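Student: Using the hints, position chain B against chain A.
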Amino acid sequence: MNIGLSKSVRYILKPSWLTGPIFDKELRVSSRRRRNYVLRSAYLAILTVFVVLVWHTMVRFQGAAAYRISQMSVAGLAIITTIIMFQFVATQLIAVVMLSTSISDEIYNRTLGVLMTTPINSFQIVMGKLFSKLLQIILLLAISLPLLATVRVFGGVPWNYVISSVCITLTAVIFAGVLSLYFSISARRAYVVILKTLFTLGIIYLFIPIMVVLVSQSFVPTIRQPLMLFSIVMLPNPFVVMQFNTAAMMSPGAVGIMPIPLSWPIHCVVMLGASVFLLAWSMRIVRRVALRQATGQLDLATKNRKKKKLSLKTTKSEGQSGLIRRVKGSPVVWKELRAPIIQGSRKKNIIGLAITIIALLITYAVNMKEKLLDEDFTHIAYTLVFVIIGLITNIVLSATTITTEKETRSWPILLATSMSDWQILIGKAVGVFRRCLPIWLLLAGHLILFITVRYIHPIAVVHLAILVTWIVVFLSGSGLYFSARLKRTTSAVVANFALALTLWAVIPLLLGLVATITYESDILEAYILTNPVVQTVVIMDGAGGSHNATRNLSRLNYEWPSPSGSNWNSIRSTTSILFITMLIYMSMGLLFAWRAKCRFRRNIF
Amino acid sequence: MIETKRLTKHYGNLTALVDLDLVIEAGDIFGFIGPNGAGKTTTMRILVTLLEPSSGQAFIDGLDITKKGKEVRRMVGYMPDFMGIYDDLKVFEYLEFFAAAFSIEHKKRKSIVEGVLELTDLQSKGSFTVDSLSRGMQQRLGLARVLIHDPKVLVLDEPASGLDPRARIEIRELLRELKRMGKTIMISSHILSELEEICDHIGIIEQGRLVFSGTMEEIRQRMGVQSKVRVQVANNQQRAIELLSALPEVQDVQSTGRYIAVTLDKDQNTDGIIARVLVNGDIDIVSLEPQQVKLDEAFLQLTKGIVH
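Residue numbers (my numbering), protein chains in the order written: chain A, 1 to 605; chain B, 1 to 308.
Here chain A stands alone, though its shape is the one from the complex (with noise of 0.2 Å):
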């Protein structure tokens, strides 16, 4: 009896009761993966960068050496707090993508089945992935540990924000990954699961506070108190947990402002409880499929495919036959329309369409009853949110198209047909134009309606066209050129990001820096000139709101940025720096495309 108990408790205490062989496996699989060497290395090389760049431009070496070290311990809190919020918002994203093959690999390899043969249970697969991956993340925060703390010796930092700053980044962390996780159950594809997860936690963090916040203003008057419910509606959003707690940091006044302060310790208990419900829903789902494995029972991925395929049945024996599509046109480019742009039937696609319609037109009648829609910010807001979405969307789209084909082998197929390879290119390129064409649609609709009511002025169209078409060149031309050149869809998907988020967000973050040491801010205005997201908002800043609507062309005014002594503030520079912005990006598109239609026969196999 006593050696039963004492094996049971040596047995409990031994942490691979937790996880099983599933962990030891995927450690052993990631030591030999190449690219998480290049990971760990690219992810200390950039906060490297970002912490010298800090460093310079927080610290002057002239001056009395009592005034050196003062500056030390501002440049101290600069360092960690850039440290935080880089590995706050970096590990996030790794997490994500980590996991979102997870479960999926398993299950298309059909191993899931097998494990389920061995007395390793559900519990044990769901941990072990989830561990095995969060260790890599854990693994990336300890790199900066040191650092942390050599600039935690300048002073500045309480070491109570270093360790809530942790503990906020990790439970943020241990959310988006458990989400990813539960998503690649049923979403064959890494970039899907990635999407899926991104929008999820966009819908959870942002878009129900906000919307919570503005219909309870706009239509329950009786709440006296938003900010109460603000508080309340934030606290399982981490991003304002964390604001709040470096601003708490900063300047600890600002705590009493809140009725209800965003405690740190309640946000984390709230998205580890979060956390922990998922995974058990996950474990369930897990359990399911892998026993239909086992048992050779079609997966859940593919047993709507059996409901349909039963469907079809009865309809041919009701002498129906009008499900066959027939090929029009391009054979590429119908079968590129074909494709889903999330997997998933093309029912829910539409569900997914008419929900966002919905949420816009409620968006419409809150700002309307706030008095919003005639100001020129709510239409940079509303052209912003339609152009980021638009970017992700052909950045996902264009790095798909040839990789799936890779996946599925249906490419060797393909380049075995009597096609060119220009008609294969043009014929993918236009395929994801059609795609995306849903959201410029939208964006379009959106500028005719309040051009009609004279909230916006016409010209906006042009100039959103001019913007719009070298976004979809550049980046349908570098997605084909990933999407020829890499066997995988997330890593020609994670690559095509990796370029967006380079040239407009890195780029003119390090040139930021460097403009702030040499106090030389040219080369970074003429630089950002060609953001699209500055183009956004100075193209609406210009042509948004009513006081803008009704104006002559000629006094139009625009805010660039632009370099010392120049003033690009008329319609005309205008213009003529989304012309010359447009060349630019789309020759480089087009030397992409170039580029892919080269690699289409290289490494077929």
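Since the hints were derived computationally from the structure, they do not count as laboratory data.
From a predicted model like this one, the values you see are computed outputs, not experimental measurements.
Each hint should be verified, as a subset may be incorrect.
[To be verified] When the alpha-carbon atoms are kept at most 16 Å apart in a straight line, the in silico EDC-like pairs for lysine to aspartate or glutamate are as follows: (1) Lys67(B) with Asp421(A); (2) Lys328(A) with Glu105(B); (3) Lys70(B) with Asp421(A); (4) Lys179(B) with Asp150(B).
[Unchecked claim] Selected chain A positions facing chain B (in silico; Cβ < 7 Å): (5) Leu323; (6) Ile324; (7) Ala416.
Glycine is no exception: its CB is placed at the ideal position from the N, C-alpha and C atoms.
Tutor: Just chain B now, kept in the frame of chain A:
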């Protein structure tokens, strides 16, 4: 119809093909066999223009595959050793997609697709999604796809792998039908007995080198393999063995239970001599079956089992 001259392919340090010289006549079924990693698939991929040779030349119907890629693809139907499928496409749509990819006119496509569906016995599956088909059905669909543009040459890489016996027989019959239609077929398979039944010519490749190419008859001659005859007698088996051992054409005689296995020196018809000797010796013959050399035996003798 198909010709390669000193065809060589390197993958980095690995040499997959070495100076491969191959000739396949029009209307022939050419069986291409070899151990895993021998270079069969590489040869086929080069012939269908999906890989570029490191050196050497290959011609399909006189066209250089490296210079006239598009024209070559128009006259070749390639079925790889995997089934590349498009999710969510139905069988009819899948075939029509490839018909369009081969620039077949829109108005002709429907009848062509229906024709190949009938030929491959898939008429009832037109509205099923491709990924819902069984493995055997998918293989048939693969064959239907390669026939969609009516190519002169079919390059089939392991078309019968993973199929059940019934499906294999059906594929074999389909290939015979295609031969009757005048197609030149290059086929690789690990099921040697099947190749033996349908192929006019055999090519055996190992470590990227063609170790043999010719008819089954030429294989036997090349190997110098003796013919074997299996004899069953009704009485006095020991006496029969003595009589047969005394014949100068006979190299070896062994008793294998009810039968007597006779190994002859040459590949010639000596059945008559055996029958005459036994009848003259008052031995009643129950059966006398000539045993020809099998392709798998030839394969084992001609190859060393070495892979890259």
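Student: Could you grab the alpha-carbon distance between lysine 328(A) and glutamate 105(B) and see if it respects the 16 Å cut-off?
Tutor: 10 Å, holds
Student: Hey, does the alanine 416(A) contact hint survive, CB to chain B under 7 Å?
Tutor: 5 Å, holds
Student: Let me know if the C-beta of leucine 323(A) comes in closer than 7 Å to any C-beta of chain B, holds or violated.
Tutor: Status holds, d = 6 Å.
Student: Sort out whether aspartate 150(B) lies within 16 Å of lysine 179(B), counting only the CA atoms.
Tutor: 13 Å, holds
Student: Does aspartate 421(A) sit within 16 Å of lysine 67(B), going by the straight-line distance between their CA atoms?
Tutor: 15 Å, holds
Student: Return the status of the interface hint for isoleucine 324(A): holds when the least beta-carbon distance to chain B is below 7 Å, violated otherwise.
Tutor: Constraint on isoleucine 324(A) satisfied, holds at 5 Å.
Student: Regarding the pair lysine 70(B) and aspartate 421(A), is the alpha-carbon distance no greater than 16 Å?
Tutor: 10 Å, holds
Violated hints are absent here; each numbered hint is respected by the structure.
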